[in-house]
Amino acid sequence: MKTSAIRRALWEVNAALLPGIAAMTWFYGIGILINLVTCVAVAIMSEAFVLILRRRSLTTLFDGSTIMTGLLIALCLSPFIPLLLLISGVAMAIVFGKQLFGGLGHNPFNPAMVGYAVLILSFPAQMTLWPSLAEMGVNDIDINPGLTVEETVAIKQRLTLQEILAFKSFEPIPDAVTMATPLDQMKFRGSLTTTEVWETTRGFGSVAGTGWEVINLCFLIGGIFLLLRRHIDWRVPLAMLLTIAIVTSLFYDSGSSESIGSPFFHLFSGGTMLTAFFIATDPVTTPVSSLGRWLFAIGVGLLVVIIRFHGGYPDGMAFAILMMNAATPLLDHWVTKRQRPVATT
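Sequential numbering of the sequence shown, starting at 8, is according to the numbering used here.
To be clear, the hints were calculated from the coordinates, so they are not data collected in a lab.
Positions of the beta carbon are idealized from the N, C-alpha and C atoms, including for glycine.
Among the hints, erroneous ones may be present.
Computed Cβ-Cβ distance ranges for the label pairs, DEER-style [as the list claims (entries may be wrong)]:
| # | residue 1 | residue 2 | range |
| --- | --- | --- | --- |
| 1 | F258 | I59 | 46 to 56 Å |
| 2 | L257 | A48 | 20 to 30 Å |
| 3 | P290 | M52 | 19 to 29 Å |
| 4 | L107 | R14 | 14 to 24 Å |
| 5 | A29 | Q346 | 42 to 52 Å |
| 6 | F316 | L224 | 18 to 28 Å |
| 7 | A333 | L257 | 23 to 33 Å |
| 8 | R237 | L298 | 16 to 26 Å |
| 9 | L90 | A55 | 16 to 26 Å |
| 10 | F258 | S11 | 39 to 49 Å |
| 11 | I313 | A132 | 21 to 31 Å |
I would like the entire structure built from these sequences, with the hints used as guidance.
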């Protein structure tokens, strides 16, 4: 593929993220935009720094790949995450996830997932604090017996830019304005049944988490655009989503206290659609053959479900992608060897 075609494809992938970006901003406010601007700026500066050290041309700065890395990391992070952690994660993604291996086309691991994994392993507490959608003005809740009147009033007020920036400077975040994500709440709900979690926990919608249903749907729309433009291989999102749906269906018991949620919950919670269409489809870090991509995507889906069921983190997208990135050379080798004709004498 020509350089101009690659550049155009990368920019169209970035454009396809816009529906999801709009949805996340609508539900979670200006903190998402701060993350996006900061991540993109740091990604460009980090890339420029390394290119200068390597005495390479700076023309590749705006080929779309650097900005894509910044956007993907930003979309995986809470609007409450401190700016210092944000900067560290993006710098790690560009320097160690991409440029250390030679730049675009040479990295064995998805750079955005490298940066995200570093942050989730190093700062798990900060990475799991998300705003309560009630406090963000999305839901109007009644006074909860577990909250004081002042806390209830506080969570009914939209956070200001000054408050968001204060939280991003490591200032303590009041419990009244935060909540776990739906995946967190489902995983660590104790003895509650699925129905009880739905009825008693703020943040759940009719299928998945309030807001997350719409956010995942918007990323799905962007993914369909990429499929129509033939920028991604349809096998990868199809195999990954089918694997998640089938495995969660097999283990879904209609909502007991041991249930991990319905297939629809897992398809429309967390970063499922973002991963399926924008991260798992990275042509650089996935197998080159059709069979290899089927196996890659099935592996990602299985690992996501296993980590959500039994792992220490509610959502295992980043770890699933990185583990299957590591397996990509093996898959390519196995498929090539399998398809190689046997010599006859």
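So, going through the hints one by one against the coordinates:
1. F258 with I59: 46 to 56 Å: 51 Å, holds
2. L257 with A48: 20 to 30 Å: 45 Å, violated
3. P290 with M52: 19 to 29 Å: 26 Å, holds
4. L107 with R14: 14 to 24 Å: 23 Å, holds
5. A29 with Q346: 42 to 52 Å: 43 Å, holds
6. F316 with L224: 18 to 28 Å: Between F316 and L224, where Cβ atoms are some 24 Å apart, the hint holds.
7. A333 with L257: 23 to 33 Å: 27 Å, holds
8. R237 with L298: 16 to 26 Å: Since the Cβ atoms of R237 and L298 sit about 19 Å apart, the hinted range of 16 to 26 Å holds.
9. L90 with A55: 16 to 26 Å: 20 Å, holds
10. F258 with S11: 39 to 49 Å: 47 Å, holds
11. I313 with A132: 21 to 31 Å: Because 24 Å falls inside the window, the suggested range holds.
When the structure is compared with the earlier hints, a violation turns up for hint 2 alone.
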